[in-house]
Amino acid sequence: MDFIGFFLYLFSDASETGFYTRSWGNVVIGFIGTFLSLLILPWIYLKVIRKKALFDYGLTYGDKKWGLISFTIFLLSIPVLYFASKNEVLINTYPLTKDVLTPWPVWVVYEIAYVLIYYIPYEFFFRGVLQLGLSKYWKKWQSILYVTALTTLLHLTKPITEILAALVAGILFGIITEKTNSWYYAFLMHITVGVATDVFCGLRFLGIL
1 MDFIGFFLYL FSDASETGFY TRSWGNVVIG FIGTFLSLLI LPWIYLKVIR
51 KKALFDYGLT YGDKKWGLIS FTIFLLSIPV LYFASKNEVL INTYPLTKDV
101 LTPWPVWVVY EIAYVLIYYI PYEFFFRGVL QLGLSKYWKK WQSILYVTAL
151 TTLLHLTKPI TEILAALVAG ILFGIITEKT NSWYYAFLMH ITVGVATDVF
201 CGLRFLGIL
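The numbering of the sequence shown is this note's numbering, which starts it at 1 and goes up by one.
In short, the hints are calculated from the structure, not lab data. Hints are not guaranteed to be accurate.
To be verified - For lysine-lysine, the following DSSO-like pairs were computed, each having C-alpha atoms within a straight-line distance of at most 27 Å:
1) Lys139 x Lys64
2) Lys51 x Lys136
3) Lys52 x Lys139
4) Lys158 x Lys98
5) Lys140 x Lys64
6) Lys179 x Lys86
7) Lys64 x Lys179
8) Lys51 x Lys139
9) Lys158 x Lys47
10) Lys52 x Lys158
11) Lys179 x Lys52
12) Lys65 x Lys140
13) Lys179 x Lys139
14) Lys52 x Lys64
15) Lys51 x Lys158
16) Lys47 x Lys139
17) Lys52 x Lys136
18) Lys65 x Lys179
19) Lys140 x Lys47
20) Lys86 x Lys98
21) Lys64 x Lys158
22) Lys64 x Lys136
23) Lys179 x Lys136
24) Lys139 x Lys65
25) Lys158 x Lys86
26) Lys140 x Lys179
27) Lys158 x Lys65
28) Lys47 x Lys64
Based on the provided sequences and hints, a complete structural model is requested.
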């Protein structure tokens, strides 16, 4: 769920259909809104106005060994995503718009945009700016739980299985971010889940899987 798209969804009639699918225009607005609100504005505030060093907010590789080992282990979850994608509700939910499924080059461009315009701003803000920023003043577990609560709330319009997954992932990603002092590895894990879910669900929607 893109950040701005959450609010667009609440005021749309999407819930009246069996599909959580949106028009191209709705998705583009959501992506652009997310990019501006979660990346550009925080970047300007921290870098230009406050003159802060962004590596203090996770814009660094940090503990690469710990991060890469964690990510490698996380890749073992891909088979779980494959079987989870058999769920009809998930198939009807992902990708966010079914308009991208054909022709396939459009789908590829969509997924690239999903990573660059949504996932980077999302992790930069929630795990970097917010969590690591708060950890300078709060106990680490407090900032992890706070950010996890926020990111879980953004999934309230999704299937219950995804809401629970967001809760678990929020804690996991938060711990890894604190251990590595970087949001890069949470980002890698997040795009793995997001893109794999799109691919598996999209192929099932098309009847290929």
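Cross-check of the supplied hints:
1. Proximity of lysine 139 to lysine 64 is assessed by CA-CA distance (about 23 Å); at most 27 Å being required, the pair is judged to hold.
2. Taken as a hint, the lysine 51 and lysine 136 pair is honoured in the structure, with Cα atoms around 17 Å apart against an allowance of 27 Å.
3. With a CA separation close to 21 Å, the supplied pair lysine 52 and lysine 139 stays within the 27 Å bound.
4. At roughly 16 Å between alpha-carbon atoms, lysine 158 and lysine 98 fall within 27 Å of each other, so this suggested pair holds.
5. In summary, the hint linking lysine 140 to lysine 64 is supported, as the alpha carbons are separated by about 20 Å, within the 27 Å threshold.
6. Annotation: proposed proximity of lysine 179 to lysine 86 is violated, straight-line Cα distance about 34 Å (limit 27 Å).
7. The straight-line distance between the Cα atoms of lysine 64 and lysine 179 is roughly 10 Å, inside the 27 Å bound, and the hint therefore holds.
8. Proximity of lysine 51 to lysine 139 is assessed by CA-CA distance (about 24 Å); at most 27 Å being required, the pair is judged to hold.
9. Between lysine 158 and lysine 47 the alpha-carbon distance is near 34 Å, which puts this suggested pair outside the 27 Å criterion.
10. For a cut-off of 27 Å, the pair hint linking lysine 52 to lysine 158 is broken: about 36 Å separates their Cα positions.
11. Only pairs whose Cα atoms come within 27 Å are accepted, and lysine 179 paired with lysine 52 is accepted, the gap being roughly 21 Å.
12. Distance check on the hinted pair: lysine 65 and lysine 140 sit about 21 Å apart at the alpha-carbon level, within 27 Å; holds.
13. Between lysine 179 and lysine 139 the alpha-carbon distance is near 13 Å, which keeps this suggested pair within the 27 Å criterion.
14. Proposed proximity of lysine 52 and lysine 64 is supported: the alpha carbons are some 23 Å apart, at most 27 Å.
15. A threshold of 27 Å between alpha carbons decides the hint, and for lysine 51 with lysine 158 the separation of about 38 Å lies outside it, so the pair is violated.
16. This hinted pair checks out: lysine 47 and lysine 139 have alpha carbons roughly 25 Å apart, not beyond 27 Å.
17. For the hint pairing lysine 52 with lysine 136, the CA-to-CA distance comes to about 13 Å; that is within 27 Å, so the pair holds.
18. For the hint linking lysine 65 to lysine 179, the alpha-carbon distance of about 11 Å falls within 27 Å, and the restraint holds.
19. As the CA atoms of lysine 140 and lysine 47 are separated by approximately 24 Å, the hinted pair is consistent with the 27 Å bound.
20. About 17 Å separates the Cα atoms of lysine 86 and lysine 98, which keeps this hinted pair within 27 Å; it holds.
21. With a CA separation close to 33 Å, the supplied pair lysine 64 and lysine 158 exceeds the 27 Å bound.
22. A C-alpha spacing of about 21 Å is found between lysine 64 and lysine 136, which places the hinted pair at or below 27 Å, so the restraint holds.
23. A distance of roughly 14 Å separates the Cα atoms of lysine 179 and lysine 136; the hinted pair therefore holds under the 27 Å criterion.
24. Distance hint between lysine 139 and lysine 65 is fulfilled; the C-alpha atoms sit about 24 Å from each other, no more than 27 Å.
25. A C-alpha spacing of about 16 Å is found between lysine 158 and lysine 86, which places the hinted pair at or below 27 Å, so the restraint holds.
26. A hinted pair counts as satisfied when its Cα atoms are at most 27 Å apart, and lysine 140 with lysine 179 qualifies at roughly 10 Å.
27. Using a Cα cut-off of 27 Å, the hinted pair lysine 158 and lysine 65 is violated, with the two alpha carbons roughly 34 Å apart.
28. About 24 Å separates the Cα atoms of lysine 47 and lysine 64, which keeps this hinted pair within 27 Å; it holds.
The earlier numbered hints that this structure contradicts are 6, 9, 10, 15, 21, 27.
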